[in-house]
Amino acid sequence: MVTFFIRRTIGAALMLFVVSISTFLIFFGLPRLAGATPETFAARYLSRTADAHAQQVFAEKLGFYDPLWLQYWNWIKAVFVGTDYDYGTGIEHCAAPCFGYSFRTNHAVWDDLVDRLPVTVSLTVGASILWLLTGVAVGVLSALRKGSFFDRAAMTGALAGVSLPPYFTGLMFLYFFSYQFDLTAPGGTYVNFTDDPGEWAYSLILPWITLAMLNAAAYARFTRAGMLDTMGEDFIRTARAKGLHERVVVTKHGLRAALTPIITIFGLDVGLLLGGAILTESTFGLKGLGYFAIDAINKQDFPQIMGVTMFAAFFVVVANLIVDMLYAVVDPRVRLS
Amino acid sequence: MNTVISPRQDPTARPFLELRDLKIHFPTDDGVVKSVDGLTFSLERGKTLGIVGESGSGKSVSSLGILGIYHRGNAKMSGEIWLDGQELVGASPETVRGLRGKRMAMIFQDPLSAMHPYYTVGAQIIEAYRVHHKVSKKVARKHAIDLLARVGIPQPDRRVDDYPHQFSGGMRQRAMIAMALSCDPELLIADEPTTALDVTVQAQILDLMRDLQQEFNSALIIITHDLGVTAELADDVLVMYGGKCIEYGTATEIFENPEHPYTWGLLGSMPRLDQPVTERLLPIKGTPPSLINVPSGCAFHPRCAFDGRTGGASDTVVPELQLTGTSGHRVRCHMPAQVRQQIWLNEIKPTLEGTGGLAVADMSALPSASEEHSEETA
Chain A
0 MVTFFIRRTI GAALMLFVVS ISTFLIFFGL PRLAGATPET FAARYLSRTA
50 DAHAQQVFAE KLGFYDPLWL QYWNWIKAVF VGTDYDYGTG IEHCAAPCFG
100 YSFRTNHAVW DDLVDRLPVT VSLTVGASIL WLLTGVAVGV LSALRKGSFF
150 DRAAMTGALA GVSLPPYFTG LMFLYFFSYQ FDLTAPGGTY VNFTDDPGEW
200 AYSLILPWIT LAMLNAAAYA RFTRAGMLDT MGEDFIRTAR AKGLHERVVV
250 TKHGLRAALT PIITIFGLDV GLLLGGAILT ESTFGLKGLG YFAIDAINKQ
300 DFPQIMGVTM FAAFFVVVAN LIVDMLYAVV DPRVRLS
Chain B
0 MNTVISPRQD PTARPFLELR DLKIHFPTDD GVVKSVDGLT FSLERGKTLG
50 IVGESGSGKS VSSLGILGIY HRGNAKMSGE IWLDGQELVG ASPETVRGLR
100 GKRMAMIFQD PLSAMHPYYT VGAQIIEAYR VHHKVSKKVA RKHAIDLLAR
150 VGIPQPDRRV DDYPHQFSGG MRQRAMIAMA LSCDPELLIA DEPTTALDVT
200 VQAQILDLMR DLQQEFNSAL IIITHDLGVT AELADDVLVM YGGKCIEYGT
250 ATEIFENPEH PYTWGLLGSM PRLDQPVTER LLPIKGTPPS LINVPSGCAF
300 HPRCAFDGRT GGASDTVVPE LQLTGTSGHR VRCHMPAQVR QQIWLNEIKP
350 TLEGTGGLAV ADMSALPSAS EEHSEETA
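Line by line, the protein sequences are chains A and B.
Residues 0 to 336 in numbering that gives the first Met the number 0 are what the first sequence lists, from first letter to last.
Residues 0 to 377 in numbering that gives the first Met the number 0 are what the second sequence lists, from first letter to last.
Each hint should be verified, as a subset may be incorrect.
To be verified - Keeping only pairs whose Cα atoms sit at most 25 Å apart, straight-line, the calculated BS3-like set for lysine-lysine is: (1) A/K145 <-> B/K75; (2) B/K137 <-> A/K251; (3) B/K133 <-> A/K251.
Said to hold, decoys possible - Derived CB-CB ranges, DEER-like: (4) B/S91 <-> A/L227: 53 to 61 Å; (5) A/F149 <-> B/S135: 33 to 41 Å; (6) A/L227 <-> B/K137: 18 to 26 Å; (7) A/D228 <-> B/L344: 33 to 41 Å; (8) B/E93 <-> A/V120: 23 to 31 Å; (9) B/T27 <-> A/R246: 21 to 29 Å.
Source of the hints: derived by calculation from the structure; they are not laboratory data.
Yeah, the Cβ is synthetic: ideal placement off N, Cα and C, and Gly gets one too.
Same shape as in the complex, but just chain B:
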């Protein structure tokens, strides 16, 4: 990808986090898996970016790439990751390790498997704190109890000695968040933080994350396939497909004026309470592309209902991520902007009756059909 999203070219005003043309490829016996293929975005502190896409679109790999977990092993990384003026792709693994957990931290999807079953919750938080701070075990333990209290765990001084399997799902995710926050990270990446949780707990966890983000003024990347979660938390939204960004804009833009057919599909496959139940969901046809043999041209064209309107370019030319509208909204699509806007207004929006960013936001705490959707496509 040649286009650079960030409008800032002034190096003194570099954004807090900036990715430039990040590529993460895994050579395998079957071919090169292009998990992330030219990802560019930037994020300021205090802001939230939602990365949306189906399973296998490269969301999680890009976040683990930012953390530098692929520095070892057989992954091939290229491009640039700038964190507060420091470049990470070219940095030594030891440098990135020192930043990991301290300045950037991650919350994982399934807190049961993401925590070590043999160590107490407290021990795992203490470990995360002490690797970056030279303090006694006692001080670290006090810190761990404070954190557990902060994320809303009752009787933290007692629960700190419990094992992960003794916590409920929601409690575990709270503990996971406490662990991620142990060193006051400036960048927090949450990978499907609510997917493994009960719907009632999901809303609580989202509330907690929003509160904590404001309190710590951290940059937050939230990775999800649940548009409700995105609408709830994100300032900006980045839609990924086949390892590439296919649409990027403010949350309002994405929910009110989406221009990419894939984004329309995502919106269409969301269940709505403000519609009659007889109304059918509109799933996206087909399955996500193989990242080894990405379809030629536009990776989405085999599933796109509008690929006939691109003048035959859809399966030959890879579309560029181009600016559309005003507020930094970018779309990777062959169709001219006017055509896309026409289709959205005349053909898509009416079928998603009453669609609007705000209406979507109200849905965040409700059961999401994107679960069902991902099962279909898995």
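The following block holds chain A by itself, in its conformation from the complex:
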């Protein structure tokens, strides 16, 4: 069990390493193939009025003339020990973990990311609990009453839920519940949990529902399929033959086995969303990581884009690791392999 965990952790670290190389190559390797020079890199960081000489000096200072591997090394080193950016007119210190420094905003990317994280975490945690509970509950009921009116209605609803994008449902919710009926907070509201938990939940309820609807629908379908599969297994027949109450047969024997694949997608979905729920955040004007990413892309702020990409990748890899470990806890057969 311990070796299993250690092996998986090493695997996750390797995965992050690969992701960091790919990210770096996408932003610093590929443009070179397309004809970008150190000067054009430098130009991205400077104002449009900077002349060729200023660009050259800047590129020199930031090491854009170094070989690619050295640039990568400096970049990854900064993550662990921090670095100083000397851009000619001053020196900016970027403390570890340094995920780059935006010369547009004059902010270390890491500080921005940490600043945005609570919004995204709040959105993700609330929505994920909501969609997990409703999705699994609806899926189980649908499976147990296969072909019934409830099943058909729920699966039709689920199809609609999967099909409707959050910028549509979100805007509809905002229009009706916030602006017509004045029941919920208007768009763009966010209150820190630590400031006022009640207001925090009130401001997030619509984004939660919007985001949860999308996933709850998918989870209901997954759970239904998994339950139908499991309830046909031999061990369910055995459980019934033992004289167990049907409730125990369904929950302890059926649901436990059916939920294992759900854990996998749940972990990945949560990991993915922690890197930024772009559509929902944009719809509700929540200044989370997704919003930050879109903003950075629009501004062509490379350090920010790279930082948020690495951050998101980190969450996905860690979520994957947790899923693997949970799997070993849930399914004893995994531990041996």
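Given chain A's structure and the hints, the job is docking chain B onto it.
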């Protein structure tokens, strides 16, 4: 089926288990699947009934029907099941659930898929015990260890915490038996208990089941397509075909004087060590009937070599299960009893040279060709 097998009509002397005209039908989009279509038999405690037939003949469905597993869902059950004076078909699902696992228990074919992969063997036995007995986990655990020891699992106090996948096939089946025995059931149904096991292990499991049956004095129904297993364990044999009983009698009668052409076919498709290996097995031609469109008349007639000798009745009239001989031997066949006995003695028995119930019994631990046979017909 109108005929009632049990000769006892005196209600005070009702047999321990009695089925009367049990029917289990499943309505589907393609039509009604008549899995069990009028099954009648009785069984006393301490006795063993072997139910024999090809895949899809309704063996397993009838046993699950006795356990009341089809009480929910879309199955249509009719007829009567009497267990120790209690009628089960009309009883509430909750009543039957209370009996299930406690007074009647089941051993399944493939112990790997029949045990939950996520729970330890011990936990599954403890669960089976505690659902019917209000005892602490500790007491139940002790009971589980005792049971595992009783069914011959070495170091039961350690193995009780193992998962099913950590057991070998034979061990798993032993654990499955321990689970079934956890509440001292009076009726034990074993559905192909040895089919998924190595031949060497098969004999051990059969021995174990016989010992345990004597010890607990339970009624045992053993469902199999392996005549060797039947010969080894059964007092009575019931041959099923197309959801109906087509021959019923004591094991000696069935093996020594079988009268139904299907039973002859089953006997003929059994491999024998006391014959030259060049001798060919005699498989039954054709495939088992669809339970949605059961052949008209005698369900076996399309595969029967003797359907010409029934005077044209074979494909129009459903034959009754009629008494033949003396010891309660019943056969569902259009041919007159004398004709059947003649054919058996003159045409069939000589080709199964040396056939006799006892000789068959000796074969139980040997590899069975009925495996091969069922693959052919599947």
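Comparing the hints with the structure gives:
1. Taking the CA atoms of A/K145 and B/K75, the gap is near 18 Å; set against the 25 Å cutoff, the hint holds.
2. A hinted pair counts as satisfied when its Cα atoms are at most 25 Å apart, and B/K137 with A/K251 qualifies at roughly 20 Å.
3. Restraint check for B/K133 and A/K251: satisfied, since their Cα atoms lie roughly 19 Å apart, inside the 25 Å limit.
4. For the pair B/S91 and A/L227, the beta carbons lie near 27 Å from each other, so the given range of 53 to 61 Å is not met.
5. Between A/F149 and B/S135 the Cβ separation comes to about 40 Å, which falls inside the hinted range of 33 to 41 Å.
6. Evaluation of the 18 to 26 Å hint for A/L227 and B/K137 yields a failure: the beta carbon distance comes to about 37 Å.
7. The supplied range of 33 to 41 Å is broken by A/D228 and B/L344, whose beta-carbon atoms lie about 53 Å from each other.
8. A beta carbon spacing of about 47 Å between B/E93 and A/V120 contradicts the range 23 to 31 Å that was offered as a hint.
9. At roughly 28 Å, the beta-carbon separation of B/T27 and A/R246 lies within the given 21 to 29 Å, and the hint holds.
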